[in-house]
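> Sequence:
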Amino acid sequence: MCCWGHLRTKLLLPPGLSTSDFRLLISQVNGCVFFPGLFFTFKHIFKTRFKNWKDADGALVSERMVSAIHAIMASTAGVLIVASCSDIMTDRHWLATDFVWFGAPYMAYDIYAMYQVHYLKEKDKGHAEYKGHSIHTVTKFLCKDFLFVLHHVALLTIFMPVSLFLRRGLGDFFIGCFFITELSTPFLSAGGVLIQMGLQDSTLHKINGLMLLLTFFLCRILLFPFMYWVYGRNYNVAFYKVALHLPLHCNLGNLCILAPQLYWFTLLCRKARRLFLQQHKKRDGQSPKTS
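Heads up: the sequence shown runs through residues 1 to 291, numbered per full-length UniProt numbering.
Please note: incorrect hints may appear among the correct ones.
[Unchecked claim] Pair by pair, the computed Cβ-Cβ distance ranges are:
1) W229 x Q200: 24 to 30 Å
2) Q200 x T90: 45 to 51 Å
3) W53 x H280: 28 to 34 Å
If you are wondering where the hints come from, they were derived from the structure by calculation, not from laboratory data.
We treat Cβ as the ideally placed atom computed from N, Cα and C, and that holds for glycine.
Construct the entire structure; sequences and hints are all you get.
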């Protein structure tokens with residue numbers, strides 16, 4: 001049976017392509033099919049089940065659902081990688097490479113999905129320039145969601161090549177850590193879905209908001225000093241000296257990734273404060289007045 005499986009793999013291999021390269025190619029093809037396929041499937045389901053929803057509503061919830069699924073897969077892969085690496089520099093795990101190939105198409109897909117949501121929202125508002133796709137509609141989208149698009153493009157053009165081709169097989173542990181940053185995304189997506197369902201004042205939405213702030217802080221901000229601490233512990237370097245022991249490009253890369261996370265966390269905290277004050281005003285307005 002083993003021989004037959006090996007022979008079948010060899011027969012399917014294109015000339016000049018190794019078994020491992022073929023596996024990675026299949027992973028990327030699967031990603032190219034999986035994420036857009038999920039998006040259009042969800043859109044179709046929501047269109048048939050929720051007749052009162054506009055096209056933009058179905059697209060928004062579909063995009064959030066796919067984001068949550070990708071994030072759960074990425075963070076699960078990250079936990080498996082981190083848990084399996086005793087040596088943070090030399091230990092290997094196949095997911096550190098395979099999931100990058102599988103997940104990379106998600107970034108390109110998500111830019112398209114975000115544009116679709118933007119376009120359909122503006123079209124539903126009756127804006128004349130959104131009767132069809134044009135350079136103008138794309139430009140408006142890029143201006144509105146510039147930081148998100150830049151984040152996705154940077155992951156595709158910088159993080160992906162570095163993690164696949166420039167690491168020399170080192171640092172799977174840290175790739176796993178970066179995957180874990182996605183742990184907050186399901187709560188972000190759930191918040192959008194709850195609002196769409198009219199549950200923005202529910203206890204569930206409040207709990208979800210607290211979980212979003214907690215996971216975002218732990219997995220997207222506190223994760224960076226944690227990685228420096230782990231490196232220092234592994235090589236007997238004091239925490240405050242770790243940055244001096246790392247190449248400059250590693251520190252700059254971490255700083256470039258951390259900076260937008262701090263910005264987004266600030267926005268989340270401001271939004272949470274605004275919602276809290278609104279709820280407080282509602283309670284004050286509804287409380288009975290005593291003479």
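> With reference to the structure, classify each hint as holding or not holding.
These are the hints, each one checked on the structure:
1. W229 x Q200: 24 to 30 Å: 38 Å, violated
2. Q200 x T90: 45 to 51 Å: Given about 48 Å between the Cβ atoms, the range holds.
3. W53 x H280: 28 to 34 Å: The hint (28 to 34 Å, Cβ to Cβ) holds, given that W53 and H280 are roughly 31 Å apart.
In this structure, the one hint that does not hold is number 1.
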